Amino acid sequence: MTSQLVNEISIFVLAVFLGFEVISKVPTILHTPLMSGSNAIHGVILVGAMVIMAAASGPLELTLGFVAVLLATINMVGGYVVTDRMLEMFKSRGRPGPGQS
Amino acid sequence: MHLNSGITLLFLLAGALFIVGLHQLSSPRHARSGNLVAAAGALIAILATALILHHATLNLILMALAILIGIPIGAVAARAVKMTAMPQMVATFNGVGGGAAALVAIIEMLMVPRGTSASLLLSISAVFAVVIGAVSFSGSGIAYAKLQELMRGTPITYPGQQPANGTVAAAIVVVGVLVVVPGIGLLGVWVLLLLALVLGVAFVLPIGGADMPVVISMLNAFTGLAVAGDGFVLGLPILIIGGTLVGASGTFLTMMMSNNMGRSLGNLLFGAFGKVQLGPEVAAAGQRSVRSGSAEDLGTLLAYSKRVIIVPGYGLAVAQAQHVVRDLADTLEKRGVAVDYAIHPVAGRMPGHMNVLLAEANVPYEQLKDMDEINDDFKSADVALVVGANDVVNPAARSSPGSPIFGMPILNADQAHNIVFLKRSMRPGFAGIDNELLYDPKTVMLFGDAKDSLTKLVAAVKVA
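Residue numbers (this note's numbering), protein chains in the order written: chain W, 86 to 186; chain L, 2 to 465.
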């Protein structure tokens with residue numbers, strides 16, 4: 086087992102614990118935005134799609150690579166924008182007095 | 002993949018921003034900035050990637066083109082869609098992400114004959130990424146269709162479904178092993194892809210439309226794991242970090258969401274097998290679960306509402322909790338929430354019982370609204386907080402001619418965006434009948450003595 090692989094496995098294991106810890110207290114109103122936000126985070130596959138497309142050769146690989154980059158971009162951009170929209174209602178409001186709506 | 006230290010550190014920074022951003026996404030105060038922090042991490046990762054690419058120009062041009070087309074598609078779709086279609090949007094973005102992850106792994110495997118090294122672990126990770134990514138892709142498609150009502154939401158089952166799905170899954174394992182052990186070649190990869198797409202559809206088909214949010218959360222975790230798999234395949238730790246964070250947090254979130262529905266995940270995913278699917282009314286009656294919540298959770302819901310209507314009842318009087326409920330109303334008002342009390346004519350054990358009780362707690366007179374004044378306001382209220390009341394909000398009074406309370410005018414608590422019931426137990430109220438509102442998907446129960454629960458809510462609102 087190469088040392089790079091051992092490092093990668095270590096990162097994986099640490100990330101598993103982090104993933105559980107970091108969202109251990111989520112109020113129910115944030116379940117959907119959190120799902121949407123983490124959805125955007127896995128849009129980072131775009132990095133992988135870019136790397137693989139740079140090394141692609143031949144029409145099949147290039148076409149598949151193009152599609153992969155396109156889909157990954159939509160995931161990433163769409164994900165962050167839609168999450169932001171959901172979270173607009175959590176903008177801190179100026180504190181109106183009672184009786185105002 | 003060998004990267005120089007500068008690029009590696011940039012990727013590390015991106016990963017750190019993902020961690021911070023995800024953490025902030027779980028707290029209402031910082032959720033919006035958390036999303037932006039994660040987005041900044043993504044941007045840094047992309048820029049670092051651009052710095053290491055120095056291959057054929059045609060490839061880079063096509064790549065840039067794909068990105069430039071993808072940005073407006075993603076941004077416009079996300080902005081233009083109606084708020085009520087949000088879950089479908091998340092399903093769509095998740096699905097395409099899964100598709101991308103599967104494709105990346107497939108392309109890598111296509112490159113193997115050309116001399117890309119194919120160690121055992123790399124092959125296993127690639128097969129994993131293809132399968133999980135494809136399942137997420139097609140599964141998300143079905144989830145989208147059910148939510149968008151392009152297909153019926155009731156579970157789709159047929160005789161022999163479970164063995165059929167099991168066979169597909171087994172076939173995937175077999176083909177996967179054959180692909181990993183050299184010999185079967187590229188054909189195996191395409192077969193694997195096809196089988197995985199079929200499994201994704203078959204897996205989501207028997208799950209009810211109302212359970213789609215939990216399914217999407219699970220598929221979200223799947224896509225994360227597929228991305229992590231690609232991280233091993235390509236030797237890119239940023240994919241391992243980002244993907245695993247989402248895989249782990251998504252799994253946890255899925256378990257939380259199914260707990261909230263009062264059903265185990267297994268029941269939700271596989272419960273429909275072998276059952277004759279009756280019409281929706283009957284199907285709903287078969288699963289009597291109530292959602293119960295914690296005070297912290299509900300305190301946050303209340304604190305971030307614009308309008309809360311409190312419905313007091315006999316339970317409030319029994320617990321002598323009128324002072325604490327006044328305390329809660331004051332705390333909410335300090336946060337800019339508009340609070341009113343909806344007093345039903347027969348709330349409590351006698352007319353005026355509630356008015357007297359609340360006046361004793363110095364609740365301002367103008368906040369006490371009688372039924373006719375306030376009944377139309379429920380539909381624009383974020384939360385109807387029902388404290389120890391039961392029959393006065395029971396929809397059976399409108400809809401069930403056989404019910405003892407039929408014909409009694411009731412408070413329209415069921416029209417609020419959210420309904421929170423403070424109750425000691427599931428025992429029926431004064432009229433001795435079951436209350437359908439308790440089982441409504443918008444309803445959350447906070448079990449316990451009213452005074453106790455209200456005190457916890459006040460504390461929770463203060464820190465929300």
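Since the hints were made in silico from the structure, they are not lab data.
Just to be clear, a hint being listed does not mean it is correct.
As the list claims (entries may be wrong) - Below are the BS3-like pairs computed for lysine-lysine, each with C-alpha atoms no more than 30 Å apart in a straight line: (1) L/Lys380 x L/Lys370; (2) W/Lys110 x L/Lys370; (3) L/Lys380 x L/Lys463; (4) L/Lys463 x W/Lys110; (5) L/Lys370 x L/Lys307; (6) L/Lys83 x L/Lys380; (7) L/Lys443 x L/Lys380; (8) L/Lys335 x L/Lys370; (9) L/Lys443 x L/Lys457; (10) L/Lys443 x L/Lys463; (11) L/Lys443 x L/Lys307; (12) W/Lys110 x L/Lys457; (13) L/Lys335 x W/Lys110; (14) L/Lys307 x W/Lys110; (15) L/Lys370 x L/Lys83; (16) L/Lys335 x L/Lys457; (17) L/Lys307 x L/Lys335; (18) W/Lys110 x L/Lys443.
This one's a predicted model, so the numbers in the text were calculated from it and none came from an experiment.
Hints, one by one, checked against the model:
{"no.": "1", "hint": "L/Lys380 x L/Lys370", "verdict": "holds, 15 Å"}
{"no.": "2", "hint": "W/Lys110 x L/Lys370", "verdict": "violated, 36 Å"}
{"no.": "3", "hint": "L/Lys380 x L/Lys463", "verdict": "holds, 26 Å"}
{"no.": "4", "hint": "L/Lys463 x W/Lys110", "verdict": "holds, 17 Å"}
{"no.": "5", "hint": "L/Lys370 x L/Lys307", "verdict": "holds, 18 Å"}
{"no.": "6", "hint": "L/Lys83 x L/Lys380", "verdict": "holds, 19 Å"}
{"no.": "7", "hint": "L/Lys443 x L/Lys380", "verdict": "holds, 13 Å"}
{"no.": "8", "hint": "L/Lys335 x L/Lys370", "verdict": "holds, 20 Å"}
{"no.": "9", "hint": "L/Lys443 x L/Lys457", "verdict": "holds, 21 Å"}
{"no.": "10", "hint": "L/Lys443 x L/Lys463", "verdict": "holds, 24 Å"}
{"no.": "11", "hint": "L/Lys443 x L/Lys307", "verdict": "holds, 17 Å"}
{"no.": "12", "hint": "W/Lys110 x L/Lys457", "verdict": "holds, 17 Å"}
{"no.": "13", "hint": "L/Lys335 x W/Lys110", "verdict": "holds, 25 Å"}
{"no.": "14", "hint": "L/Lys307 x W/Lys110", "verdict": "holds, 23 Å"}
{"no.": "15", "hint": "L/Lys370 x L/Lys83", "verdict": "violated, 34 Å"}
{"no.": "16", "hint": "L/Lys335 x L/Lys457", "verdict": "holds, 17 Å"}
{"no.": "17", "hint": "L/Lys307 x L/Lys335", "verdict": "holds, 12 Å"}
{"no.": "18", "hint": "W/Lys110 x L/Lys443", "verdict": "holds, 21 Å"}
Checked against the numbered hints listed earlier, the structure breaks hints 2, 15; every other hint is satisfied.
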